[in-house]
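Spelled out from the first residue to the last, the chains are:
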Amino acid sequence: MSDRVEVWTCSYQAPEVAHRFISRSGETYTVEPAEPRPIGTQLRLILPPSFPAICERAAERNDFALGQTLRKLFTTLRDHGALYEQAEIGVAAAKLARARGSTVVSAMYLEEVEAIVPQPRQPKRITEALQTQRPLSRGSAMPLAEAELIDALTDDPERNLELQELRAALRELGVVLSVRSSEEYQIELDDDESPVRGIYAFLAVPGEVETAAVLSCLQSATANWLAPVTYRGLLKALGMADALARQEQWADRVRL
Amino acid sequence: MTASLQKTKVDFAGLMRVLGEALYSTPHVAIRELVQNAYDSCTRRALEAADRFEPAIAVTVAPGVLTITDNGAGLTAEEIHSYLATVGAGYTRALREQGAKGLIGYFGLGFLSRSP
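Protein sequences appear in the order of chains A and B. Counted from 1, the first sequence has number 53 at position 54 by numbering that gives the first Met the number 0; the numbering is strictly sequential. Counted from 1, the second sequence has number 40 at position 41 by numbering that gives the first Met the number 0; the numbering is strictly sequential.
Simulated from the structure, these hints should not be mistaken for lab results. Any given hint might turn out to be false.
As the list claims (entries may be wrong) - Residues from chain B that face chain A, not an exhaustive set, calculated with beta carbons under 8 Å:
1. L33
2. A45
3. A48
4. L65
5. L74
6. T75
Unchecked claim - Over the 12 Å line for every Cβ pair with chain B, so calculated as not near, a few chain A residues:
7. V16
8. G80
9. Y184
10. L202
11. V228
12. R231
13. A240
14. L243
15. Q248
16. R252
These numbers were taken from a predicted model, which means no experiment stands behind them. Backbone N, C-alpha and C define an ideal beta-carbon position, used for all residues, glycine too.
Kindly generate the complete structure, drawing on both the sequences and the hints.
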């Protein structure tokens, strides 16, 4: 995030001397004696002109890439016979996600941890971390604060068919669908019509499944839904700029 | 062909990029890490140094420059090489493993956050 970093420091162990560390790339650095200073450290970051733009990027833009990196890490660890490291990394990732304001993603990571290490095999530290973090991760900036896992949208079996068909189609690919909603999550499709209940869903996609196949399945299974389903992360990952723009326009319109 | 023990190679630039992107998704998180370093440095001075001091951390922003100043333990030249310039080597972890309380850093990655 910086073009150049300078550290001017003086140790309590040798208060008569100070040093300056300078690095431009992060890969090389210099250290030299510097003018005296009080005990302590001054860190100066020379910021690139692009810094304000970087700051304005929404954290969630990174969630998709971070999730992919995390899953690759899980797979590698599992392939090397690791038992609990994945869970510990997952818990740490959930904590980081929450720190950047992505509470929904944080909740998703915690769910993955629970799937990796089922309750009877959980070491105490993992159980404790899950118990501490779960309540903090469920809340969300979206109206999902009280969201529950759901299998059906209504009590009317006819109206639930679409969701069941989507679930079945994804299962054919080996993808698991986890759907959430709440009474508060209402979407206004049109000013003249009463709002409809919205859902928010996570897909657990095995590493070997092609992203394009998941997209194709989502597109065909939800083509006739009352309101379009958005999957902007997928479109972004596949570089489908036009479709992404349409979904973003829709998301803005109904204030997703 | 006989088996031979080879040393794993590390693509340093790639590793820095992956770690930077995966750990620090926004500059805000990266800046928080640097402030945490300053906090841990003050904790270290309180634990190790004999003198009494009032811990202080200041973050100032000028156009194009962000400055974080602390009156913590500071670093010797040797510590700069060992901890500041070595990714994954954190002095805080060593302190924590000796039973020190009130520290934040762990993996020796906080300073990496300022890398391009």
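Can you name, in rising order, the numbers of the hints this structure does not satisfy?
The structure conflicts with hints 2, 7, although it agrees with all the remaining ones.
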